[in-house]
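Please model the complete structure; the sequences and the hints are all you need to start from.
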Amino acid sequence: MTRVALAFMLLCSVPIAAHAADKSEAESAIAGAVKAEDAAGKLGNRWIPAEASLKAAKAAFTSGSWDAAVAEATRARLLAERAVEQSNEQKTAWRDAVIR
Amino acid sequence: MTKAVTRAIFHGGIAAVLLALLGTASVQVFAQGTAPSAGQAVAFDRTKGNCLACHTMRGSDVPSNVGPELNDMKARFPDRADLIAILQNEEARNPQTIMPSFGRNLILDHQEIEQIVDFLYSL
Amino acid sequence: MPNRRIRARASLRVAVLAAAVAVLGGAAPAPDKTDPLADQKAFQASFGERFPQVPFADFANGPYAVSAPMRKQWEDIMQFPPYDFALDEGKTAFETPFANGKSYADCFANKGIGVRQDFPYFDTKTGEVATLDGTINRCREANGEKPLPYQVGLMASITAYMAETSRDKPFDIKIPDDPRARAAYEDGKEYFYTRRGQLNFSCASCHVGAAGQRLRGDILAPAIGILAAFPIYRSDWGSMGTIDRRFTSCSAQMRSEPLPPQDKSYRDLEYFLSYMSNGVPISGPGTRP
Chain A
0 MTRVALAFML LCSVPIAAHA ADKSEAESAI AGAVKAEDAA GKLGNRWIPA
50 EASLKAAKAA FTSGSWDAAV AEATRARLLA ERAVEQSNEQ KTAWRDAVIR
Chain B
0 MTKAVTRAIF HGGIAAVLLA LLGTASVQVF AQGTAPSAGQ AVAFDRTKGN
50 CLACHTMRGS DVPSNVGPEL NDMKARFPDR ADLIAILQNE EARNPQTIMP
100 SFGRNLILDH QEIEQIVDFL YSL
Chain C
0 MPNRRIRARA SLRVAVLAAA VAVLGGAAPA PDKTDPLADQ KAFQASFGER
50 FPQVPFADFA NGPYAVSAPM RKQWEDIMQF PPYDFALDEG KTAFETPFAN
100 GKSYADCFAN KGIGVRQDFP YFDTKTGEVA TLDGTINRCR EANGEKPLPY
150 QVGLMASITA YMAETSRDKP FDIKIPDDPR ARAAYEDGKE YFYTRRGQLN
200 FSCASCHVGA AGQRLRGDIL APAIGILAAF PIYRSDWGSM GTIDRRFTSC
250 SAQMRSEPLP PQDKSYRDLE YFLSYMSNGV PISGPGTRP
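Protein chains in written order, with numbering that gives the first Met the number 0: chain A, 0 to 99; chain B, 0 to 122; chain C, 0 to 288.
Hints listed in this document are in silico derivations from the structure and should not be mistaken for laboratory results. Don't be surprised by glycine CBs; every beta carbon is placed ideally from N, CA and C. One should not assume that every hint holds.
A few chain A positions that, by computed beta-carbon distances, are all more than 12 angstroms from chain C [unchecked claim]: (1) Ala20; (2) Asp21; (3) Lys22; (4) Ser27; (5) Val33; (6) Ala59; (7) Phe60; (8) Thr61; (9) Ser64; (10) Trp65.
Facing chain A, from chain C, some residues (calculated, C-beta under 7 angstroms) [said to hold, decoys possible]: (11) Ala41; (12) Phe42; (13) Ser45; (14) Glu189; (15) Tyr192; (16) Thr193; (17) Arg194; (18) Arg195; (19) Gly196; (20) Gln197; (21) Arg254; (22) Glu256.
What follows is the structure in structure tokens.
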């Protein structure tokens, strides 16, 4: 788990530290985030911070800030993927919480 | 569980590649030893740890008791990894917990969790 | 649960052995069996054990039932109830005929007086849960009027008046012998216990597990009877709000994108929560911090 967090942190720092993103990278990052958010939406579990990051990514894209667009879209995608994971786990796990 | 492990290995793999690219030195920046005041700021920030919503501790001005009072942390949690695990994903240890999965759900990043643990050890 | 499924598959292969085990030790209960009445008994017993000092009917008063200091503040506030203006507005609206000469009274049993405790109900015609708020709007539309917004304003005022005429009548929610009704109940139950949003809470996290505990200055309200006081004047809002307002704000506090008001999941949740609270008297309109 620590390694996942570490990977995420490093991923976020890549566009700044390693190289500048271009328009097509920003486009595909946003497309990936939209796809993940749609999957979360199908499960009725859109997370507000994922929506906010996706919105910020689109705004950054519009203003030509490719690095910011990639960073926000990546965050939106990771949040949405986690939402999907949560929903899938909860499909059975909720029963363990029921008062009996 | 299997999926989580696969994911961890996958992300771990990416981490390993990036580590090779960036060099291990930069990772050490996030190791323990930050000033407790930095951790306190993250812990008390309502958009970050928001710890005071549920816990009472030194510096609280409200008597929250959803979670246990936080004091004497060094004695109660001598192993730093236990505190990290609780902040990362307490649901794994206690499936019915109300404690948010701060790390797993990307509420806090790794550095912020380390900072909060430094702060907790000052309590 | 996956373990149980694996076990079930294994027991199919060794059916004879499984049957023998069932005879000897008793079969495990099917996980998907719906027994609302058993759920309700367990739910009410659980809160009774958690709060032995609280008379059952007092669960209609939410956090004031479980916190003496808050009850004192409440008694002070009730010298001049902050929902009084809404009650007046709601009564006037309720009694004013629509343009076609009909009125709200024509859409409800007993002319809409003293009926709050029967909502929500399962409508066998539509096959869905009908709430009081939804029925008010259906009444308006059937009589050529525009529907009201669900969360604030006149909807809160009209439901406030209708609740006030129903005070002290115990929740009397029925689940008819209809598989669609049981499905709606089960859907509401699943919604209540399912974790969602970035903070990883379910409704139950706060209103079962942590009920009665202090979250900053607030006391988390027990789930039982939690809807008996609606609509409520909330100091935090500075205005009246309906059940939809509370559900959507709860979702947002969990960092989960709220559903539209009266979404099927919210109606099913209301059905589940109200059925769990059968016997708790209507206390609305209410006030909350």
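(Q) If you test the structure against every hint from before, which numbers come out violated? (A) Of the numbered hints given earlier, the structure breaks none, since each of them holds.
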